[in-house]
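**Q** Taken in order, these protein sequences are the chains called A and B.
Here our numbering is used: the first residue of the first sequence is 32, the next is one more, and so on.
Here our numbering is used: the first residue of the second sequence is 32, the next is one more, and so on.
Don't read these hints as lab results, they were simulated from the structure.
Fair warning: this is a prediction, and the values are worked out from it, not measured in the lab.
Glycine residues also receive a C-beta, built at the ideal position from the N, C-alpha and C atoms.
It cannot be assumed that every hint is accurate.
[What the hints assert, rightly or not] With a cut-off of at most 30 Å between alpha-carbon atoms, the simulated DSS-like pairs for lysine-lysine come out as follows:
hint, chain 1, residue 1, chain 2, residue 2
1, A, Lys203, B, Lys303
2, B, Lys71, B, Lys86
3, A, Lys86, B, Lys303
4, A, Lys71, A, Lys86
[Claimed, not checked] Which bits of chain B does chain A cover? Going by a derived footprint, with three or more residues having C-beta under 8 Å, they are:
hint, segment
5, 276-282
6, 305-317
So you can see what is in the structure, the chains are spelled out below.
Number of protein chains: 2
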Amino acid sequence: MKLNRQVLLESRPVGTPAENNFKVVGTPVREIADGEVLIKNLYVSLDAGFRNWMKEGSGDHILPAMAVGEPVMGLTLGRVVESKNLKLPLGDLLMIRVYWEEYSISNGVDDWFVHLPNGIDAPLSYYLGILGDTGLSAYFGLTDIGKLQPGETLLVSGAGGAVGSVAGQIGKIFGARSVGIAGSDDKCQRLIAELGFDAAVNYRDADDLSSAIGDACPKGVDVYFDNIGGPLLEAAINNINEKARIILCGAITDYHLDEPAPGPNNLFNLSKNVATMTGLMCHHQTDRYDEARHQIMEWVESGQLRSIEYMSEGIYRVGPAFCEMFQGKNFGKTIVKLAE
Amino acid sequence: MKLNRQVLLESRPVGTPAENNFKVVGTPVREIADGEVLIKNLYVSLDAGFRNWMKEGSGDHILPAMAVGEPVMGLTLGRVVESKNLKLPLGDLLMIRVYWEEYSISNGVDDWFVHLPNGIDAPLSYYLGILGDTGLSAYFGLTDIGKLQPGETLLVSGAGGAVGSVAGQIGKIFGARSVGIAGSDDKCQRLIAELGFDAAVNYRDADDLSSAIGDACPKGVDVYFDNIGGPLLEAAINNINEKARIILCGAITDYHLDEPAPGPNNLFNLSKNVATMTGLMCHHQTDRYDEARHQIMEWVESGQLRSIEYMSEGIYRVGPAFCEMFQGKNFGKTIVKLAE
Numbered sequence: 032m033k034l035n036r037q038v039l040l041e042s043r044p045v046g047t048p049a050e051n052n053f054k055v056v057g058t059p060v061r062e063i064a065d066g067e068v069l070i071k072n073l074y075v076s077l078d079a080g081f082r083n084w085m086k087e088g089s090g091d092h093i094l095p096a097m098a099v100g101e102p103v104m105g106l107t108l109g110r111v112v113e114s115k116n117l118k119l120p121l122g123d124l125l126m127i128r129v130y131w132e133e134y135s136i137s138n139g140v141d142d143w144f145v146h147l148p149n150g151i152d153a154p155l156s157y158y159l160g161i162l163g164d165t166g167l168s169a170y171f172g173l174t175d176i177g178k179l180q181p182g183e184t185l186l187v188s189g190a191g192g193a194v195g196s197v198a199g200q201i202g203k204i205f206g207a208r209s210v211g212i213a214g215s216d217d218k219c220q221r222l223i224a225e226l227g228f229d230a231a232v233n234y235r236d237a238d239d240l241s242s243a244i245g246d247a248c249p250k251g252v253d254v255y256f257d258n259i260g261g262p263l264l265e266a267a268i269n270n271i272n273e274k275a276r277i278i279l280c281g282a283i284t285d286y287h288l289d290e291p292a293p294g295p296n297n298l299f300n301l302s303k304n305v306a307t308m309t310g311l312m313c314h315h316q317t318d319r320y321d322e323a324r325h326q327i328m329e330w331v332e333s334g335q336l337r338s339i340e341y342m343s344e345g346i347y348r349v350g351p352a353f354c355e356m357f358q359g360k361n362f363g364k365t366i367v368k369l370a371e
Numbered sequence: 032m033k034l035n036r037q038v039l040l041e042s043r044p045v046g047t048p049a050e051n052n053f054k055v056v057g058t059p060v061r062e063i064a065d066g067e068v069l070i071k072n073l074y075v076s077l078d079a080g081f082r083n084w085m086k087e088g089s090g091d092h093i094l095p096a097m098a099v100g101e102p103v104m105g106l107t108l109g110r111v112v113e114s115k116n117l118k119l120p121l122g123d124l125l126m127i128r129v130y131w132e133e134y135s136i137s138n139g140v141d142d143w144f145v146h147l148p149n150g151i152d153a154p155l156s157y158y159l160g161i162l163g164d165t166g167l168s169a170y171f172g173l174t175d176i177g178k179l180q181p182g183e184t185l186l187v188s189g190a191g192g193a194v195g196s197v198a199g200q201i202g203k204i205f206g207a208r209s210v211g212i213a214g215s216d217d218k219c220q221r222l223i224a225e226l227g228f229d230a231a232v233n234y235r236d237a238d239d240l241s242s243a244i245g246d247a248c249p250k251g252v253d254v255y256f257d258n259i260g261g262p263l264l265e266a267a268i269n270n271i272n273e274k275a276r277i278i279l280c281g282a283i284t285d286y287h288l289d290e291p292a293p294g295p296n297n298l299f300n301l302s303k304n305v306a307t308m309t310g311l312m313c314h315h316q317t318d319r320y321d322e323a324r325h326q327i328m329e330w331v332e333s334g335q336l337r338s339i340e341y342m343s344e345g346i347y348r349v350g351p352a353f354c355e356m357f358q359g360k361n362f363g364k365t366i367v368k369l370a371e
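Sequences are here, hints too, so could you generate the full structure?
**A** What follows is the structure, encoded as structure tokens:
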């Protein structure tokens with residue numbers, strides 16, 4: 032009999048998530064019924080945004096808040112290892128919105144899984160990072176919303192994160208000046224040395240973040256790719272050029288607050304500069320996933336774009352790795368490998 | 032000898048502008064030199080945004096802050112009454128960014144005037160309101176940024192103001208549901224009875240502004256035309272639909288603050304709804320002024336659109352009328368007539 036180890040939400044995080052908010056338990060895997068499949072999860076993809084569903088009363092009618100004592104909702108990549116469903120034969124690879132767990136059972140009509148796309152030869156973990164929601168967000172953000180042009184300045188917050196690390200590199204491919212904001216000198220150096228950013232600002236180290244951004248962006252900011260929100264957004268808005276485009280991709284600053292923080296006090300700068308701020312959710316562009324993934328892989332294969340993963344192994348690492356994102360420990364996409 | 036009465040900035044407003052911040056003085060009109068023209072100002076157009084330039088240290092290298100003891104900067108519509116400039120003959124009608132004053136002298140190379148457009152038969156004051164920056168802002172906001180569609184819900188703040196009163200009416204012409212936010216029950220009634228709004232919310236009267244907006248917009252908000260900023264913007268963002276468009280046209284709430292107020296705490300709602308917030312400055316669309324003015328006049332002539340003016344007379348009314356905008360006394364475009 033197989034054991035399914037799951038990570039439960041032991042308690043709701045207060046502020047930044049802590050390891051003791053999570054607990055690993057094992058339960059036997061039950062027999063699958065007709066129409067069902069058993070999926071062995073190979074990877075867990077960790078995204079800071081899921082912190083939101085850990086709040087009491089968060090969520091909506093489609094995805095309610097996670098319950099204390101229940102498994103933590105998350106994204107996995109798994110393989111069908113038992114099947115009583117003709118449409119999902121053994122060996123199929125699926126990306127699933129399910130739980131932090133080693134095995135999942137699906138009835139095959141669930142909305143929350145998709146097959147891995149065909150026709151791309153890439154390591155499986157890429158589908159959770161550079162070819163997944165985070166890489167695609169970077170791509171659609173810069174193409175559809177940012178409309179980044181050669182010679183422009185791209186500013187990226189959370190530049191060492193899953194989305195930011197890809198966005199800054201695509202900025203360079205598009206002929207822009209890429210400037211990153213990150214939370215340590217070490218990350219700033221890696222952005223420049225490993226990912227080709229033109230400059231980087233350590234926001235924890237800056238006395239005056241607006242001025243620090245201004246120094247790093249002497250021609251002003253044309254496109255701001257925001258993964259952080261909060262004070263960084265305000266500082267970026269102080270530096271925008273006329274007709275600037277701001278991409279709101281994430282707001283990790285807000286995820287762990289019980290009361291929402293005040294927004295930027297300088298929105299009038301958007302008016303003055305006839306600038307635009309637009310929310311990005313990559314699943315609104317599913318019809319272009321194929322195009323985007325092929326383009327991204329072409330850049331990866333030609334050496335213009337690097338996939339950066341913050342990878343660890345084993346179900347016991349899932350909770351801690353999630354917490355580390357909020358501590359800024361990760362560089363690149365945070366993934367936990369559960370099995371080969 | 033002619034006397035030019037001007038309104039001086041007697042002191043910088045603290046908070047909401049007060050009548051004693053302004054003082055009328057008279058000085059003789061000097062002889063004009065070769066190349067100059069004397070303009071008799073017929074109307075002063077009052078816009079809340081000029082409050083910004085009354086702040087110490089505001090403005091920029093193009094338009095510095097107004098100086099205490101100097102005439103107040105403003106927009107007028109005037110007629111050339113003496114000319115030593117062949118390009119500006121007697122009788123020419125000009126819109127000028129000059130001062131709150133009865134007479135102005137121009138050297139004819141100043142950037143801050145434009146001729147009234149030809150080919151439109153309209154009352155002169157219309158060029159400061161429904162055919163001026165405010166009417167054009169409403170038009171470009173809804174067409175270029177809002178892309179308002181039939182059946183959608185348009186929410187307008189400052190709906191009794193110069194821009195808002197036009198925007199709500201154009202919303203109806205476009206087949207949308209127009210909902211206004213205004214500061215008194217009287218204004219709300221006038222929006223519905225006189226301007227054809229479908230519903231109106233008195234923001235001073237609402238216990239919970241988000242809910243009040245939700246009640247008035249049962250299908251949510253597709254386009255929010257913001258002339259106010261502050262807490263109204265936050266409440267509106269709580270009610271946006273997927274792919275909503277927010278037009279940032281003005282932020283009268285902020286103009287009289289010395290320290291900028293916090294912004295909306297719910298920008299994440301833009302992300303979730305892949306919504307857009309865009310700054311509007313109508314002078315970025317000067318190439319389309321002609322098209323817009325003709326369209327607006329066509330609507331006016333067909334009775335679909337009403338020009339609403341809050342008109343008073345005489346140079347002594349300019350300061351008080353400006354203050355009244357911040358008290359919410361105006362309904363429609365605030366104009367002071369100086370001469371026939």
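**Q** Run every hint past the structure and note whether it holds.
**A** We went through each hint and held it up to the structure:
In summary, the hint linking Lys203(A) to Lys303(B) is supported, as the alpha carbons are separated by about 28 Å, within the 30 Å threshold. For a cut-off of 30 Å, the pair hint linking Lys71(B) to Lys86(B) stands: about 28 Å separates their Cα positions. For a cut-off of 30 Å, the pair hint linking Lys86(A) to Lys303(B) stands: about 17 Å separates their Cα positions. Annotation: proposed proximity of Lys71(A) to Lys86(A) holds, straight-line Cα distance about 28 Å (limit 30 Å).
Given as covered by chain A, the segment 276-282 of chain B passes the check, having 4 residues with a CB less than 8 Å from a CB of that chain where 3 are the minimum. Counting residues of the segment 305-317 of chain B whose CB lies closer than 8 Å to any CB of chain A gives 9, so the stated coverage by that chain holds, three being the minimum.
Violation of the numbered hints given earlier is absent; every hint is satisfied by the structure.
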